[in-house]
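A.B. asks: Sequence:
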Amino acid sequence: MDAALAATASQWAAEANSAVFIQLVSGETVEGVLRALDTDLSQDMDEEDENEEEEEEGGADVIQFHPTFTYPIYGEHERVFGYKGLRISLSYAAGSLATYFDIKYQKRIDQMETSLPVQLRADDVDTPMRKMLSSAALCATKAEFAKRVARDTHEFRPLGRKVHEYTRESEEGGEGVVYEIYESDFVGGEFREYHRRMQTLVLFYIEGAQFIDDSDDRWRVFTVFERLVIGGMASYTLVGFCTMYQFFSWPDRRRPRISQFLVLPPFQGQGHGSELYRYIYQAVLHNAEYADLTVEDPSEAFDDMRDRNDMRYLIQQDAFAGLDIPVSPAVLRQMQERFKISKRQITRCVEMGLLKSLDKTRQKDRYRQYRLFVKRRIFAQNTDLLAGLDDAEKKKKVAESFAAVEDDYHRILSLL
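Take the sequence shown: its letter number 79 is residue 125 in this note's numbering, and every next letter is one higher.
In case anyone wonders, no lab produced these hints; they're calculated from the structure. One thing to keep in mind: the hints can contain errors.
Unchecked claim - Straight-line C-alpha distance at most 16 Å; calculated EDC-like pairs for lysine to aspartate or glutamate: (1) K150 - D84; (2) K208 - E221; (3) K421 - E397; (4) K443 - D430; (5) K188 - D156; (6) K440 - D453; (7) K208 - E190; (8) K402 - D364; (9) K421 - D454; (10) K421 - E383; (11) K208 - E229; (12) K193 - E77; (13) K150 - E122; (14) K402 - E452; (15) K193 - D84; (16) K406 - E452; (17) K389 - D437; (18) K421 - D453; (19) K402 - E446; (20) K440 - D454; (21) K130 - D169; (22) K130 - E77; (23) K150 - D170; (24) K386 - E335; (25) K389 - D338; (26) K153 - D169; (27) K208 - D156; (28) K130 - D156; (29) K402 - D370; (30) K193 - E74.
Just so it is clear, the structure is predicted and the values come from calculations on it, not from any experiment.
With the hints as constraints, model all of the structure from the sequences given.
C.D. replies: Here it is in structure tokens:
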């Protein structure tokens, strides 16, 4: 590619994560929703303005935010070529997730006159996105979508069985905002279709996520909704969801595993993930059919949330009282069975619980025992990686790992 061609190409490339706008829309009237959708929301939102709600825009509420990932749709480089002023809008009815997909741009390269020796073509931004969306949810026109939003704002009710609710303080004061958790499965078609509307969101926010098999009745899905009163009637907005698979646990129990866990960006940092995780954990803990709760490939953010909530509960239950160092495998196994926490997680929590009660200055011998206890675990978990090193190098690597683990434990404990 010559210099002129390369320079031209670079001017027509856009970051897909910035070009895609996701919107949750609610409104009492068709006219209000149409006015909100016709309003040109800035494509170049400042970082501090992202995730803000556009309130009372012609009688409609629009919550707008960007995806974290778009590589499952637009490729590993997450770039789109051939447009200037590109805006890819994915609008959802806040509760029902009826969908309107729209693409706007100021200029398109293959519609421009050029003196270049080759004809450059714009990327197809429509087809890859539509492949990921539920065709049953897609509205063909903006007017059709506005009608769905106005109707669903009043009429949509969450699917499944309501299992829990909680309250958060509203920013305006007064009565708190109510949030509800529902449990659903794929037996019957109604929730299966709703899940197909939700599942595109996991591609935007969970790295490496894939669509799950909704023909398998061992899946359970937990959804969280915000419940507001609009026009004297309850109106619901999706906050987040969790998918959980039930494996067999010999001889006659089940082992549930959290697979996908997502709180939408506008609702993050408000404790909704903790509320959902605590409900699921308590449901597992008090169900005799379940062995323990496991998690599939958790992110760092999920691990942090899980650690905080597990530790708070275990401390409340005096789970670490009277533990000797080293903690025997038999005691760890008893704790795992009692609290239905996986082996890796109960070991991690025990190590944090012991560290919390340690005074390293006054209990030097106990702290030395603690270091050896944790280092043995680190060595055992990394035997293959350490196999090719001499003894001195092994000790150095284990010591470095212990220091990093201890720092991380102190960080988590400071958040309790």
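A.B. asks: Work down the list of hints and note, for each, if the structure agrees.
C.D. replies: Each hint tested on the structure:
1. Proximity of K150 to D84 is assessed by CA-CA distance (about 12 Å); at most 16 Å being required, the pair is judged to hold.
2. For a cut-off of 16 Å, the pair hint linking K208 to E221 is broken: about 21 Å separates their Cα positions.
3. In summary, the hint linking K421 to E397 is supported, as the alpha carbons are separated by about 11 Å, within the 16 Å threshold.
4. Taking the CA atoms of K443 and D430, the gap is about 13 Å. The hint holds against a cut of 16 Å.
5. Straight-line distance between C-alpha atoms of K188 and D156 comes to about 26 Å, which puts the hinted pair past the 16 Å bound.
6. Restraint check: the Cα-Cα separation between K440 and D453 comes to about 20 Å, which exceeds 16 Å; the hinted pair is violated.
7. For the hint pairing K208 with E190, the CA-to-CA distance comes to about 30 Å; that exceeds 16 Å, so the pair is violated.
8. Between the alpha carbons of K402 and D364 the distance comes to roughly 13 Å, so the proposed pair stays at or under 16 Å and holds.
9. Of the supplied pair hints, the one linking K421 and D454 holds, its CA atoms being roughly 15 Å apart against a limit of 16 Å.
10. Restraint check: the Cα-Cα separation between K421 and E383 comes to about 24 Å, which exceeds 16 Å; the hinted pair is violated.
11. Restraint check for K208 and E229: the C-alpha separation of about 6 Å stays at or below 16 Å, so the hint holds.
12. Restraint check for K193 and E77: satisfied, since their Cα atoms lie roughly 9 Å apart, inside the 16 Å limit.
13. This hinted pair does not check out: K150 and E122 have alpha carbons roughly 23 Å apart, beyond 16 Å.
14. Proximity of K402 to E452 is assessed by CA-CA distance (about 11 Å); at most 16 Å being required, the pair is judged to hold.
15. The straight-line distance between the Cα atoms of K193 and D84 is roughly 15 Å, inside the 16 Å bound, and the hint therefore holds.
16. In summary, the hint linking K406 to E452 is supported, as the alpha carbons are separated by about 12 Å, within the 16 Å threshold.
17. The hinted pair formed by K389 and D437 fails the criterion: a straight-line CA distance of about 28 Å is larger than 16 Å.
18. In summary, the hint linking K421 to D453 is supported, as the alpha carbons are separated by about 14 Å, within the 16 Å threshold.
19. At most 16 Å may separate the alpha-carbon atoms for a hinted pair to count; K402 and E446 exceed this at roughly 20 Å.
20. Taken as a hint, the K440 and D454 pair is broken in the structure, with Cα atoms around 21 Å apart against an allowance of 16 Å.
21. For the proposed pair K130 and D169, the alpha carbon gap of about 12 Å is at most 16 Å, so the pair holds.
22. For the hint linking K130 to E77, the alpha-carbon distance of about 30 Å lies beyond 16 Å, and the restraint is violated.
23. A distance of roughly 13 Å separates the Cα atoms of K150 and D170; the hinted pair therefore holds under the 16 Å criterion.
24. At roughly 11 Å between alpha-carbon atoms, K386 and E335 fall within 16 Å of each other, so this suggested pair holds.
25. Proximity of K389 to D338 is assessed by CA-CA distance (about 9 Å); at most 16 Å being required, the pair is judged to hold.
26. For a cut-off of 16 Å, the pair hint linking K153 to D169 stands: about 13 Å separates their Cα positions.
27. A C-alpha spacing of about 52 Å is found between K208 and D156, which places the hinted pair above 16 Å, so the restraint is violated.
28. Proximity of K130 to D156 is assessed by CA-CA distance (about 12 Å); at most 16 Å being required, the pair is judged to hold.
29. This hinted pair checks out: K402 and D370 have alpha carbons roughly 14 Å apart, not beyond 16 Å.
30. Restraint check for K193 and E74: the C-alpha separation of about 10 Å stays at or below 16 Å, so the hint holds.
Checked against the numbered hints above, the structure breaks hints 2, 5, 6, 7, 10, 13, 17, 19, 20, 22 and 27 and satisfies the rest.
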